[in-house]
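Enquirer: Protein chains in written order, with numbering that gives the first Met the number 0: chain X, 0 to 430; chain H, 0 to 430.
By construction, these hints were calculated from the structure, which means they are not laboratory data. Some clues are possibly wrong.
The list treats identical chains as interchangeable, and a pair is accepted whether it falls inside one copy or across any two copies.
To be verified - List of simulated lysine-lysine pairs, DSBU-like, C-alpha gap at most 30 Å:
1. Lys326 / Lys212
2. Lys138 / Lys25
3. Lys74 / Lys30
4. Lys285 / Lys74
5. Lys273 / Lys138
6. Lys25 / Lys6
7. Lys138 / Lys6
8. Lys30 / Lys9
9. Lys389 / Lys27
10. Lys6 / Lys389
11. Lys295 / Lys212
12. Lys27 / Lys326
13. Lys6 / Lys27
14. Lys30 / Lys295
15. Lys25 / Lys311
Computed from a predicted structure; not experimentally measured.
Number of protein chains: 2
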Amino acid sequence: MSWVYIKDFKDHVGEEVTVKGWLYNKRKSGKIRFLIVRDGTGYVQCVMVKVELPEEEWSKFSDLTQESSLEVTGKIRAEKRAPGGYELDVNHIRIVQIAQDYPITPKEHGVDFLLERRHLWLRSSRQHLIMQVRNEIIKATRDYFYDNGFILIDTPLITGSIGETASTLFETEYYDFGTAFLAQTGQLYLEAACMAHGRVYGFGPSFRAEKSKTRRHLSEYWHVEGEVAFCDNDENIDIQEDYVCYLVLRVLDRCRSQLEGLERDISKLENITKPFHRFSYDDTIKMLQEMGSDIKWGEDLGGDDETILTEKYNKPIFVINYPAQAKAFYMKRHPDNPELVLCSDLLAPEGYGEIIGASQREDDYDLLIKRIREENLPEEAYGWYLDLRKYGSVPHSGFGLGIERTVTWICGLHHIREAIPFPRMLYRLYP
Amino acid sequence: MSWVYIKDFKDHVGEEVTVKGWLYNKRKSGKIRFLIVRDGTGYVQCVMVKVELPEEEWSKFSDLTQESSLEVTGKIRAEKRAPGGYELDVNHIRIVQIAQDYPITPKEHGVDFLLERRHLWLRSSRQHLIMQVRNEIIKATRDYFYDNGFILIDTPLITGSIGETASTLFETEYYDFGTAFLAQTGQLYLEAACMAHGRVYGFGPSFRAEKSKTRRHLSEYWHVEGEVAFCDNDENIDIQEDYVCYLVLRVLDRCRSQLEGLERDISKLENITKPFHRFSYDDTIKMLQEMGSDIKWGEDLGGDDETILTEKYNKPIFVINYPAQAKAFYMKRHPDNPELVLCSDLLAPEGYGEIIGASQREDDYDLLIKRIREENLPEEAYGWYLDLRKYGSVPHSGFGLGIERTVTWICGLHHIREAIPFPRMLYRLYP
Numbered sequence: 000m001s002w003v004y005i006k007d008f009k010d011h012v013g014e015e016v017t018v019k020g021w022l023y024n025k026r027k028s029g030k031i032r033f034l035i036v037r038d039g040t041g042y043v044q045c046v047m048v049k050v051e052l053p054e055e056e057w058s059k060f061s062d063l064t065q066e067s068s069l070e071v072t073g074k075i076r077a078e079k080r081a082p083g084g085y086e087l088d089v090n091h092i093r094i095v096q097i098a099q100d101y102p103i104t105p106k107e108h109g110v111d112f113l114l115e116r117r118h119l120w121l122r123s124s125r126q127h128l129i130m131q132v133r134n135e136i137i138k139a140t141r142d143y144f145y146d147n148g149f150i151l152i153d154t155p156l157i158t159g160s161i162g163e164t165a166s167t168l169f170e171t172e173y174y175d176f177g178t179a180f181l182a183q184t185g186q187l188y189l190e191a192a193c194m195a196h197g198r199v200y201g202f203g204p205s206f207r208a209e210k211s212k213t214r215r216h217l218s219e220y221w222h223v224e225g226e227v228a229f230c231d232n233d234e235n236i237d238i239q240e241d242y243v244c245y246l247v248l249r250v251l252d253r254c255r256s257q258l259e260g261l262e263r264d265i266s267k268l269e270n271i272t273k274p275f276h277r278f279s280y281d282d283t284i285k286m287l288q289e290m291g292s293d294i295k296w297g298e299d300l301g302g303d304d305e306t307i308l309t310e311k312y313n314k315p316i317f318v319i320n321y322p323a324q325a326k327a328f329y330m331k332r333h334p335d336n337p338e339l340v341l342c343s344d345l346l347a348p349e350g351y352g353e354i355i356g357a358s359q360r361e362d363d364y365d366l367l368i369k370r371i372r373e374e375n376l377p378e379e380a381y382g383w384y385l386d387l388r389k390y391g392s393v394p395h396s397g398f399g400l401g402i403e404r405t406v407t408w409i410c411g412l413h414h415i416r417e418a419i420p421f422p423r424m425l426y427r428l429y430p
Numbered sequence: 000m001s002w003v004y005i006k007d008f009k010d011h012v013g014e015e016v017t018v019k020g021w022l023y024n025k026r027k028s029g030k031i032r033f034l035i036v037r038d039g040t041g042y043v044q045c046v047m048v049k050v051e052l053p054e055e056e057w058s059k060f061s062d063l064t065q066e067s068s069l070e071v072t073g074k075i076r077a078e079k080r081a082p083g084g085y086e087l088d089v090n091h092i093r094i095v096q097i098a099q100d101y102p103i104t105p106k107e108h109g110v111d112f113l114l115e116r117r118h119l120w121l122r123s124s125r126q127h128l129i130m131q132v133r134n135e136i137i138k139a140t141r142d143y144f145y146d147n148g149f150i151l152i153d154t155p156l157i158t159g160s161i162g163e164t165a166s167t168l169f170e171t172e173y174y175d176f177g178t179a180f181l182a183q184t185g186q187l188y189l190e191a192a193c194m195a196h197g198r199v200y201g202f203g204p205s206f207r208a209e210k211s212k213t214r215r216h217l218s219e220y221w222h223v224e225g226e227v228a229f230c231d232n233d234e235n236i237d238i239q240e241d242y243v244c245y246l247v248l249r250v251l252d253r254c255r256s257q258l259e260g261l262e263r264d265i266s267k268l269e270n271i272t273k274p275f276h277r278f279s280y281d282d283t284i285k286m287l288q289e290m291g292s293d294i295k296w297g298e299d300l301g302g303d304d305e306t307i308l309t310e311k312y313n314k315p316i317f318v319i320n321y322p323a324q325a326k327a328f329y330m331k332r333h334p335d336n337p338e339l340v341l342c343s344d345l346l347a348p349e350g351y352g353e354i355i356g357a358s359q360r361e362d363d364y365d366l367l368i369k370r371i372r373e374e375n376l377p378e379e380a381y382g383w384y385l386d387l388r389k390y391g392s393v394p395h396s397g398f399g400l401g402i403e404r405t406v407t408w409i410c411g412l413h414h415i416r417e418a419i420p421f422p423r424m425l426y427r428l429y430p
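Please put together the full structure from these sequences, using the hints given.
Expert: This is how it looks when you write it as structure tokens:
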């Protein structure tokens, strides 16, 4: 009997097939028994009719418990009223293992209870849908960069150079070299690589040892970073806008049923079209102050600022040209106002906030080394980075998008911890 | 003037365009000057004719040095004799930056010299080609798993559980939890996830603090891992064979010019078709002994064994069912011979050796906990992993492929260090 995944039932109507999976739920109705089986690709209601089954088959219904593994053989029947459109008329059941006391039951559990059992929680329907959308967002990202001529450059995770804030680095001993760091960004390496390939991207985990417990932070997250040679801040913003629109469109196109299952307001995503809002930092500060924020000019936006600002808008917002003091050393000074840098943050609407940080990079050797010294960074570690400003320096820009923040927004989740299979946070290292 | 990448010249013949890039080389011939410019997507010969250029343009030729950045405006002309098929008749040159004393010259450099300047070495033509092939192999991997119904599950890099050999783990302090480890594999997590999604894959960096200095080892490498529920060792081997054939075919299809540039013997890759060789471990040991190896039954294959064995064959070799003592605790015992486990290693031909490790996983709770105790592994760290054998355990199998080893083989490289943008090795943490 041929094994068929539930997602492929449409191609096998009327055939006798075997489904291999786990019992999701079961119920009785008179002389009929229903097994709801999941196989990872979908759910199917398997129908057991007493008069048509020998007693040894019929009695398996009562043995089967939630999450027991089994193989069900039967005939596929189209059934409009069934959730997936098909039912399976059972001929034979092979029980693989009876699960005893599966801990996650249909009742409500606390989130700590579920996170402690993340290895099982992933089987729950909502988590299953989120991971399908995550899979689509990441594949769409790979397709976008590949199709637009970006070469993948995987940047090192263990590094002697530091990208951003030294205070939030995880450390590891590296052979005889002493302390090395887990990368917070691959940007510096991508800057080198864009001088070789023109357009490059990196996509890997980044690490931040931030002792913050918010719904927007993970200690380990997946980070897509693009870098383009001969590209200024405005062109950089255009690329980001194009990429984010592509992501949303792909999910709308290929994961509509998943979004419905997650009860996402799809109309809000259908709104995500060009052009996005583009506000200067100066105007943004004024708007926030008018909304009641106590933010002062010169400060980076806080989480609450991002929330109140983006709740007002139905499209993403680029906040452009921050004060240099609020941003990293490698950003290029604004030619007309040396207090500002050529940069942008992209904030997702509906209160979600920052998903991208971006900037044009300082391409002048003297200005860059001055900034490195001002920040008291270890100059020798940046020798190779400074080389890029000596040997054919060019204007170049790039951006980094946090995948889990994007999944959180697109899926309409409350907290980022559900947007990654096994979250790593201040109080979470297990499973 | 519109900016056009060199790879797109074919669509703009006869047009005046601007190329933005770096000077790769230059030469003179009578009253004509040639600039070979690279822009990351290709190389083009830009032709300067003295009688057609004002002196201020003509004189820029002598100013320009290797790796100077520039923008060249001119008309595209088809030219069969030119390497890419086109030349650019120069009207105007804008020098962005003159590079002084670029350290990598056309003469031969030692590999340490080049590795120390990896941020610049990436610009060299050979390294440029390798990264293009790597980009293709990784995109082909993403496409293969996506198109075959695998859901991406990114597994954690910082972990309390240990996958394989404790002696080769990098450590990091994780908040109040004490010592955590950088993952050597995501397999255990993928086993959990395949119970949720049926077919899953992970693709991220893995870390091995191995104090070995061979042409096959990196301390940080990229690792593709597939895991399938209701899949035995034989079906697992079929998937690997299919996937590796797909990779080679994609590179042959889309990167033929890169392979030619690398002087790869393409006929050797055209040989990579199903079926691959499938040898039992027992037979492999006999063959190796006959070839002069001093390997004894029970030992894992050494690097030299892999070399001599695979030099004899023009297709990859699956070595199947190793002794349990040579392999990891989670592999399932052979039903007919408890000394062996249901596993396979895939060795690439031409002396390249192991690119995949694979096995069916132990799905019996009692046998698994017995193995964990025999290996003196911390039982509490594996509580969640054991759960998978309590709640609907099913037969399942998976495999892990090392991307850089695969790039090394497909590109025909001598050493793995050229197969990753910024290698991390025993003596290499910079740049």
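Enquirer: Where does the structure disagree with the numbered hints, that is, which hint numbers, in rising order?
Expert: Numbers 2, 4, 12, 14, 15, in rising order.
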